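Trainee: Could you build all of it, start to finish, from the sequences and the hints given here?
2 protein chains.
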Amino acid sequence: MRPASEDDILAIVSRYFPASHPSLLLGRGDDCAVIQTTGPMAVTTDIFAEDAHFRQRYFSPYDIGWKAVAVNISDVGSSGAKPSGLSIGLTLTGKEDALWLESFCEGMKALTDRFDTALSGGDLARSPLLNVCVTAWGELPEALPRGLRRGVAQEGDILFLVGRVGLARLGLTVLEAANDGAAVQDALAAWPVACAQHLRPMPLAFEGMAIGSFAVAHGLQDRLGLMDVSDGLARDIPRLLNSRQLGLGADIQLAEEMLSDEIGRYCGQQGLDPALFAFEGGEDYALAGTCPAEAWPALEALLSNLAVPFSCLGTARPGPITLNGTAPASAGFDHFSA
Amino acid sequence: MRPASEDDILAIVSRYFPASHPSLLLGRGDDCAVIQTTGPMAVTTDIFAEDAHFRQRYFSPYDIGWKAVAVNISDVGSSGAKPSGLSIGLTLTGKEDALWLESFCEGMKALTDRFDTALSGGDLARSPLLNVCVTAWGELPEALPRGLRRGVAQEGDILFLVGRVGLARLGLTVLEAANDGAAVQDALAAWPVACAQHLRPMPLAFEGMAIGSFAVAHGLQDRLGLMDVSDGLARDIPRLLNSRQLGLGADIQLAEEMLSDEIGRYCGQQGLDPALFAFEGGEDYALAGTCPAEAWPALEALLSNLAVPFSCLGTARPGPITLNGTAPASAGFDHFSA
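In the order they appear, the protein sequences are chains E and D.
Just so you know, we're using this note's numbering here: the first sequence kicks off at 42 and counts up by one.
Just so you know, we're using this note's numbering here: the second sequence kicks off at 42 and counts up by one.
The set of hints was computed from the structure by calculation and includes no laboratory data.
Any given hint could be a false lead.
Put simply, identical chains are the same to the list, so a pair is met inside one copy or across any two.
[Unchecked claim] Pairs of lysine to aspartate or glutamate residues, derived as EDC-like cross-links and limited to a Cα-Cα distance of at most 20 Å, are as follows:
{"id": "1", "residue 1": "K136", "residue 2": "E91"}
{"id": "2", "residue 1": "K136", "residue 2": "E47"}
{"id": "3", "residue 1": "K150", "residue 2": "D138"}
{"id": "4", "residue 1": "K150", "residue 2": "E137"}
{"id": "5", "residue 1": "K136", "residue 2": "D92"}
{"id": "6", "residue 1": "K150", "residue 2": "D49"}
{"id": "7", "residue 1": "K136", "residue 2": "E147"}
{"id": "8", "residue 1": "K136", "residue 2": "D48"}
{"id": "9", "residue 1": "K136", "residue 2": "D49"}
{"id": "10", "residue 1": "K150", "residue 2": "E196"}
Because the structure is a prediction, the values reported are computed rather than measured.
Mentor: Put into structure tokens, the structure is as follows:
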């Protein structure tokens with residue numbers, strides 16, 4: 042099929058995303074959309090760029106649309122907000138045909154439908170590499186005027202994890218090693234859970250909103266911390282604890298039974314430590330949080346009612362971060378590291 | 042100097058842009074920033090991409106920062122909203138050093154200071170070409186709940202222009218023709234007004250807000266149309282009039298005395314029609330609008346008090362768009378045209 046023109050692209054987008062939505066006072070088609078606001082609004086921007094965050098060799102257009110939206114909705118949800126809208130800066134290569142764009146829109150729409158999020162508009166540009174820059178926003182309760190955030194932990198607080206870590210790293214590892222289409226198919230067949238977690242992570246936004254409501258109900262707006270684990274626990278736990286300024290660390294427990302079977306199998310084959318592999322993994326889009334120890338039983342009861350695995354990771358205390366009793370020598374991900 | 046690391050970049054950004062701002066309940070550093078909302082909010086996204094929108098050969102880092110913000114603030118202002126915040130998806134090549142980044146931030150800051158706009162956060166990525174994707178938002182008066190927009194004109198309405206058109210096209214033309222640093226300097230010296238308009242357009246946001254207040258004061262929220270002229274009058278007037286659906290056109294008058302001297306001089310040298318050159322030009326970031334004829338004298342009085350040129354372009358009537366009495370065979374700009 043021939044590459045789509047700008048008018049074709051806009052017509053396809055319009056077929057998938059209605060211009061009107063309860064959260065919009067004015068939809069696409071003007072210089073600005075207009076949002077109906079209800080109170081404090083959480084806002085985030087995440088870039089999803091070819092060869093930095095994904096490769097077209099193993100990301101289908103559906104996956105690209107899905108993940109570009111997922112990483113943003115994850116941020117909105119981890120602040121305790123209800124995702125309500127997003128705007129997209131879409132830099133295409135000019136080679137995309139109607140089929141590609143329809144699949145891309147379907148991937149985005151799977152998540153905007155699930156979270157009832159409006160596509161308010163955006164912009165198109167052309168460049169040799171794909172770049173999808175999404176800004177998403179969501180409504181916070183009036184009683185949670187700064188959202189859930191990092192750096193509120195004190196000594197003795199419980200560290201907790203909602204969702205699994207390490208799978209997306211495994212998916213990335215096996216998909217990166219697959220040099221051609223057949224090898225990609227083999228990787229998808231051999232490591233289905235890990236590949237799905239890398240290609241199409243499900244943002245835990247309903248879980249973040251539930252934890253936000255819990256914080257309000259228990260008066261813990263400034264004492265319950267939450268973030269999404271996008272760069273791996275190894276990098277994100279120090280951010281959650283604000284270790285650099287507060288000097289807090291923890292003895293993190295990440296038992297093998299908390300990890301997915303695929304991680305155990307892969308690390309067994311490669312002679313790696315599964316817990317360390319999962320601890321260092323990035324792009325999990327799990328939620329990591331802290332709460333006062335006395336609130337943990339009630340929060341644990343809440344989390345038990347959500348259909349997602351969770352665990353206590355340890356207790357905040359002054360000192361370094363250790364993993365299962367030893368100090369990991371690890372790093373995490375920096376797009377600008379050499 | 043050595044290329045900046047991710048931490049270096051964030052430290053430089055923090056030196057230029059405070060994390061706190063009256064419009065922010067929570068500033069940079071978490072998964073989301075939190076915006077204090079006051080009512081309807083206009084939101085827009087514009088990509089500013091290397092080799093699609095600018096070339097590093099003649100755009101300084103200061104110019105890149107300036108223009109990436111300017112094109113977004115222009116959209117917010119043209120809806121009648123007060124720009125209050127922006128979020129930036131910044132894809133760098135990894136070669137930028139501290140000096141480059143400081144200059145880039147200075148260019149952005151010149152406009153965020155002028156319009157008292159917060160930088161709420163954003164994201165960093167790395168790719169072979171620069172890509173600056175900004176989402177900006179602004180507060181609308183409660184009495185202007187959908188903002189100023191296109192497609193509200195009726196037969197007999199006055200078309201008006203605030204600001205000048207054609208200069209940015211001239212700047213683009215002469216800068217594109219400059220093959221090396223010396224030639225760029227020559228172009229800047231020979232066509233200073235045109236080059237400045239292309240490199241560092243000043244968004245007419247205060248003017249847009251004033252026209253929004255005028256619409257509210259005169260009960261014209263649904264009868265006064267406004268947009269920014271980003272793709273040239275030739276493409277944007279049909280959008281403003283919603284010509285495709287409403288069948289409206291106009292006899293546009295663009296007299297030579299309304300055009301800048303540099304356009305007259307350049308078109309004289311090249312044997313071009315200055316009015317057609319200006320009519321087809323893009324990236325002007327002027328404002329084009331429509332208003333009922335009976336309101337025009339009052340609006341004209343308001344515009345006379347603003348420190349920016351303005352003119353009446355013609356009167357909306359059924360039929361085609363003509364320029365100074367003849368039908369232009371023109372086009373405008375499509376990133377995806379062949």
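Trainee: Next, verify each hint and record whether it holds.
Mentor: Right, here's what the structure says about each hint:
| no. | hint | verdict |
| --- | --- | --- |
| 1 | K136 - E91 | both (14 Å within a copy, 18 Å between copies) |
| 2 | K136 - E47 | within (12 Å within a copy, 32 Å between copies) |
| 3 | K150 - D138 | within (18 Å within a copy, 39 Å between copies) |
| 4 | K150 - E137 | within (18 Å within a copy, 36 Å between copies) |
| 5 | K136 - D92 | both (17 Å within a copy, 17 Å between copies) |
| 6 | K150 - D49 | within (18 Å within a copy, 37 Å between copies) |
| 7 | K136 - E147 | within (19 Å within a copy, 36 Å between copies) |
| 8 | K136 - D48 | within (15 Å within a copy, 35 Å between copies) |
| 9 | K136 - D49 | within (13 Å within a copy, 36 Å between copies) |
| 10 | K150 - E196 | neither (42 Å within a copy, 39 Å between copies) |
When the structure is compared with the earlier hints, a violation turns up for hint 10 alone.
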